[in-house]
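*Asks:* Take the given structure of chain L and dock chain U to it, following the hints.
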Amino acid sequence: MADTAIKKPSEAENVKTASNFLRGTIVPSLGVRVTASVPDTDNFLLKFHGTYMQDNRDIRDERARQRLEPAFDFMVRIRAAGGVVTPQQWLQLDALSQKYASGEIRLTTRQSFQLHGVLKWNLRQTIHDINQTLLDTLAACGDVNRNVMCSPNPYQSEAHGEVYEWSKRLSLHLAPRTRAYHEIWLGEEAVVPPPPDEEPLYGATYLPRKFKIAIAVPPSNDVDVTAHDIGLIAIVENGRLAGFNVSVGGGMGMTHGEPATFPNLGSVIGFCRPEQVLDLAEKILTTQRDFGDRSNRKHARLKYTILDRGVDWFQEELQQRLGWRLGPERPYQFEHHGDCYGWVQGTNGKWHLTLFIENGRIRDWEDYPLMTGLRTIAQSHDGDFRLTANQNLILGNVSEENRPRIEQLVQAYKLSDGQRVSALRRNAMACVSLPTCGLAMAESERYLPSLITKLEDMLAEAGLANDEIVIRMTGCPNGCARPYLAEIAFVGKALGKYNLYLGADFTGTRLNRLYRENIGEEEILTTLKPIFHRYAQERQPGEHFGDFAVRAGYVRAVAGGPDFHGS
Amino acid sequence: MSGFPLRTDNSPFNQQQAEALNQLLATLTPDQMIWLSGYLTGLRGGAAVPASAAPPVTASSLAGTPSAATIEREVTVLFGSQTGNAQHLAADLKKRLEEKGFAVTLSCMSEFRTNNLKKLKQLLIVVSTYGEGDPPDKAVLFHEFVHGKRAPRLEGMRFSVLGLGDQLYDQFCKTGKDFDARLEELGAARIYARTDCDVDFDEPAKAWMDGVLAALSNPGAESSGAAEDGDAAQQPVPGLPGSGRLVGPLSTGASGTATAAQTLAAPAHSRTNPFASEVLENFCLNGRGSDKETRHLKLAIEGSGLCFEPGDSLGIYPHNDPRLVDDVIAHMGWDPQDVIPAGKQELPLREALVQHYEITLLSKQLLKQAATFSRDGLQDMVQADANEKLKAYTRGRDLLDLVRDFSIKDIPPREFVPMLRKLPARLYSIASSFRANAGEVDLLIAALRYQAHNRDRLGTCSVHCAERVDPGDSLQVFVHSNPNFRLPADPDAPLIMVGPGTGVAPFRAYVEDREESGAGGKTWLFFGDRRFRTDFLYQVEWLRWLKLGVLTRLDVAFSRDQGAKVYVQHRMLEKSRELYGWLQEGAHFYVCGSVNPMASDVHATLVNIVAAEGGKSKDEAEAYVTGLREQGRYQRDVY
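Same order as they appear, the protein sequences are chains L and U. Each residue of the first sequence is one higher than the one before, starting from 1 at the first, in the working numbering. Each residue of the second sequence is one higher than the one before, starting from 568 at the first, in the working numbering.
Note that these hints are calculated values from the structure, not bench results. Hints may be right or wrong, so weigh each one.
[Stated by the list, open to error] For the chain U half of the interface with chain L, some residues (derived, Cβ under 10 Å), not all of them:
no. : residue
1   : Leu852
2   : Gly854
3   : Arg962
4   : Phe1099
5   : Arg1138
6   : Leu1140
Keep in mind the model is a prediction, meaning the values are calculated, not measured. Glycine included, C-beta positions come from ideal geometry on N, C-alpha and C.
For reference, chain U alone in the conformation it holds in the complex:
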């Protein structure tokens, strides 16, 4: 954090304080900073504060105060987070509640003791949904409990749910909806309508928090209108986004996730205030003859104040392909120079479509809105409410398809363009260690190119990086913390890492970090891709680490080098005994990469290995693996 020394003129501290803080800050690890940040926040919540702020009040301290008796001050916030967004929002919520004088218990769902559930008076849930409607890993058991027969009646509980999700998925915000409906079913009273957030969640999440705070502070209002049918009450969320790893994480300056450096020194770069990072390297890692293009990017973050842990991701705000934008503009008969709104500013149309609006992915919601402009077909398709048909249409199509297929044209851009969702950032697992190289971030980005519906399709961010970004150019970036994908605290704990393709990125950060820190634990990487000769990403580095002993074992699977396809899970099976032995020694098991089929195949194989080598039944093996997950020894970053 050398970039931001505190002085008397840039901080509220005196000379002596500033020097002491500078000295201390220079020695802190990112984890320590985050901890300290939270500690200071908590200290402030619990200690005497200036009169202008809400006084800290607890329920017990208010018990004898008639005027306050109607306001219940104890609130429990439970979060279920896969990528960290729900966790960050829950931390935000806690902070805001505490500012209003509430006593807040914040807990991850996996750490919450379920027999305490019936004692809660006020429960706020922030939970994401991923994959095809699945709860986050760490919410699975709590979700099961609440929905199971053992769940207690919850009359007397007041609750509200904030769901996170992605409109592009059919089971949008399903986990949030599940909790919302089930809590009501169990007798709890909804004090504020559930909000389902799309990837661009800052605004709706803030609105939900505002509403929840108002409802908690004004208990009389709860029965009047706010507690409506969940679906009907869903907040309208503008826009719609994208592929596996579209983001919408941190709110500006969020204390829970922004690093200590960010909270202590301006400017704090975040999702809403990205850093313009210079590209230092950008080349393809696949050897000639490969049918893949996996790029290595090195970005400069020197002086940005950004810092990260192994397992974190970097968000990149991409630009749309100008060729695609031009095709849309031409079809619509627009003037590229027309100035239109783009968020809080106004931009020339072409620029706005390149930089600001999502045009490569379609949502059902957009189809419904666009139907009003359609001369043929779309109206019928939307009105028939043929959900499957709509969904099928959106798959693999973009805005150009939509306007062409349904003859949408000659609509004034001001009427049409604002329907589009804001172009979301894309997250990429960071492939380097901050500890080893604080001024740079390495990324591994697979350029996505494919044919669909008779047109070549290009991944928005990956092809932007592959084709339109050269060393010297800059990218708008921010760090997205991923607290659920962390190296074990114990440097001697063995690591088993399964990361085929670009899934290997965080493990390069892990191993580099362990090399830098001199951690003694064994490490075992399973890597896979198509062909050994051309697709062995970072091969020379792995071989070096293997030689040095930083990497203890390396097993590789190349699917197209032989007749039968061989994948990482086959290599795991071949080494079944050793792998189980490592687990028994306390190894942490990590998986990164595509959720289907890779991560689910790896999961099934893991269960099989535990059953076979541990002499367990299928159920016992499942329980063993669930145990690993609950202990934080089985972590996944899958997409």
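Only chain L is shown next, with the shape it has when bound in the complex:
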């Protein structure tokens, strides 16, 4: 164990230690009828099971005046490695959202599904039923390896197939082994006495903090591969997967006003063959398990472990654990990190349609029956559904015969392949934020669409209506929509106030930098307008907005996480 072990563990560590492998008092707490909430300690443990408590903040004050507790309910996050589900699973999730949740489905920025508004009394049945669909929620949140992301790259089908298989194997290999999940949600009998080594990989205290893995298939960097603890860059040679370049130490979260916290992009430390990747990921994870900071949760991600000790130390430690050496990094080229909309044909002859889903929100609007449309499609779809890392949806592996029918339904329900919305909107992403997220300081998903409408007018005026600019918004600095990799980013500070960041590149490989602090809409518009006009006039051929913002001197390029807060 490292010297961090001698520091006083954070309260969360004590909760994990005392939890008996994530059991805590979850079962009795779920049975308490006088409150829809659970105690903080159980809520913390529930995250490992893929759910946690929220409340509708819009009506918090109103309810307090009415002597009612906040409108507590639960968000349930469903893990699907690589974001791929069958039409049957889609239909089952749709039905569950109607039966137990708010009637909506959210597609997350990490290729997961979220159901919101599940009441405590329905939580067990909901998670039970999710497992019946052969999906699950275990480790969707919590201090464990989360959903393994994988580029849903639809055209290099063969390579994608291989990459996707590895994402599933990684997910399985790094899943918690505790029986608590099966006992609590699936009604399985507890083994008495419990096996002594219930978590051979994680141990009783799991990881110091969340742990994320993503796999990109160049030239697309749709998953923002270096924004994760482990980023695997698929190297495809002759149409086959040769292996992965490995990036370590990425992560988005930070805290306003605490310069010791910052987003960071991972460093590529070498190359591994496909069959080595499980071993490699496991040893990276256990290194973090043993050396990560367990005294301060704001300093507990792998990025800090590596930056504090140096990449050389990390590689040394890793090599000792592996007993073999990583190969030299292989060349690759990223071209973008947005999605490619519309129909494409894969190398296997099947068709793939990428649909634009604004902010990942699946529901029916009066004039836009998105949810009904997708339900109808699922009933006759012979391929699969693929969630993208940008909260969009791919109808994957559509057969030649079935394509006209899908096309007809897409038309009938006015589903969007993104062509009718502006280039800016197609490249936008926002986190869920208010009213359900407890961390939110400002609006995000409910506000960004209207802000984009105003920006669209300005861009059109400047002649930039068809230029792709990546724009992202989050309600707090924790980074769910990976804002620090957007060419224009808004990070919430307070209701109606945002920090404005500029200068990330178009491919998701350079962080942006703070340009204006704590500004409202009026100032956002007056600030951006002259920059747009200047960009329109002065840009070099092919120069993206983020690169221009750096070249024109609005912000200095960020060299790496520790440089993020400088000016």
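*Replies:* Leaving out everything else, chain U in the frame of chain L:
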């Protein structure tokens, strides 16, 4: 009672006396004040009094006096009271009898030893009827005894009965009628005809007392006319009233119920002299999306002299909905400015109908009177004496229906309006503790809105409070004491409280009072309503009390949150063993809310629990529960 310091210029006391009294009064609890008030009254009755008052005389002291030998001086007054009205009237009666020199034994029916019945020479009964003709809880056993085979012959007894009830119920004053007929059957002589009082009972009750006093003082008059057939002799009672909790309690300045503060310092606020209380808060407790509207009202009573105990109610004099009044006026073709009598005053017609007269409830009596103005139908309906038909018609209909359905119109308001009953006050259980906050009263009022006979119907008082009363406005209020719904004297006695919906109101007062007093007894609340998310009344407060341990246990049932309806009695059954254990430890069991089906389901469940957990037969369990009731450990405030 800080509002009314005694001085030499506002009281008959000298400086020293006033100071001593002020000092003492400041330390007294409401209970102590009531006790003291009664004590002083009794002292006066038994001690030397000024020559102008009737001398205190006992039967024995008069035994040798030939002229007085014909007047029997011993009188027993028995009362059976559910909400306290009969009890207050009985106390009034005692006072008046004592003023005339009678020696009075006053007793609740439940405390009266039945083997003494045959010894009584003069018996006066004041008893109410509630529900569908049922005796009050505390009169059940005495009623059973008198009507049973063990009842003694009562030749030589003289009696009279005062019944309280509500015209709107079919079995109006049934308990009073039962006693009246049965005592006669047992051979007793009626000295004054029974009076059946509607909710506005002050006048008829006073008339009955006058008559009884005269008859007792003039024994020769008893056989002449007063003792007539009970029904035929019923005093005509003007007007008719309303829903479950219409009131008519205290007479002005009644010593038995008015608080000590009221008797010691003017002005005494009471049912007949209500206090104009400012509304401090008025909001809905149901969260958005609820199909219910349960309002929390906070009223200011600072400086009113009003005080109350946990379990007491507050009476509110509501106004009728002006829209309904306007519809009636329009139909009748009246001039809203016409001045008409309204009680002792004269008011413009519209104002009188808004403030003074009952227009939302119909009685058979009103139908009969109104029939004289009807051009079609009503005459026939009344004359056919189709009781069920009349009753069915009154259900869910109001004055507007009556005048519309039977084409009653163009009658001069002076001829028609005085037939209407006076708008009675509505009682609401007080939801706060005087001990914790003496200057305020919290109420829980469910706005009643429903459809009947193709029209939207609105609860008179509840919708008045919900729609037409804002903070800053005032309401005419008085305290209605409820001696049959009291916290146990022992602060360590456990409480089990069953209060779904607005029935939870008095328990908020109970728990708040126990928190304030630091009482150590365990407490257990069963609450229920429709939906957890929106209808958990005062949820945050219960959770706080639970956390502090002031509330020991809390079980909730929300009927519409799942397929099968779940109610409080189901939760009781789930906790059957613990509940019986609490009873065995001496717990007091309280129920507040609707009588049917809730209170009767809860009662049946209680009996079942006692039988199952106590290994008792059904009869033994019933006896156990009856025992609880007799010990005052099972109290109900149901409506």
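*Asks:* Could you run down the list of hints and mark each one as holding or not?
*Replies:* Structure-based check of all given hints:
1. Checking Leu852/U against chain L: minimum C-beta separation of about 5 Å stays under 10 Å; hint holds.
2. The beta carbon of Gly854/U is positioned within 10 Å of a beta carbon in chain L (closest approach about 5 Å), and the interface hint is therefore held.
3. With a least beta-carbon distance of about 34 Å to chain L, the hint placing Arg962/U at the interface is violated under the 10 Å criterion.
4. Because the closest C-beta pair between Phe1099/U and chain L is about 7 Å apart, less than 10 Å, the hint holds.
5. At about 9 Å, the closest approach between the beta carbon of Arg1138/U and any beta carbon in chain L falls short of 10 Å, and the interface hint on this residue holds.
6. Given hint, Leu1140/U at the interface with chain L, is violated; its Cβ is 15 Å from that chain's nearest Cβ, farther than 10 Å.
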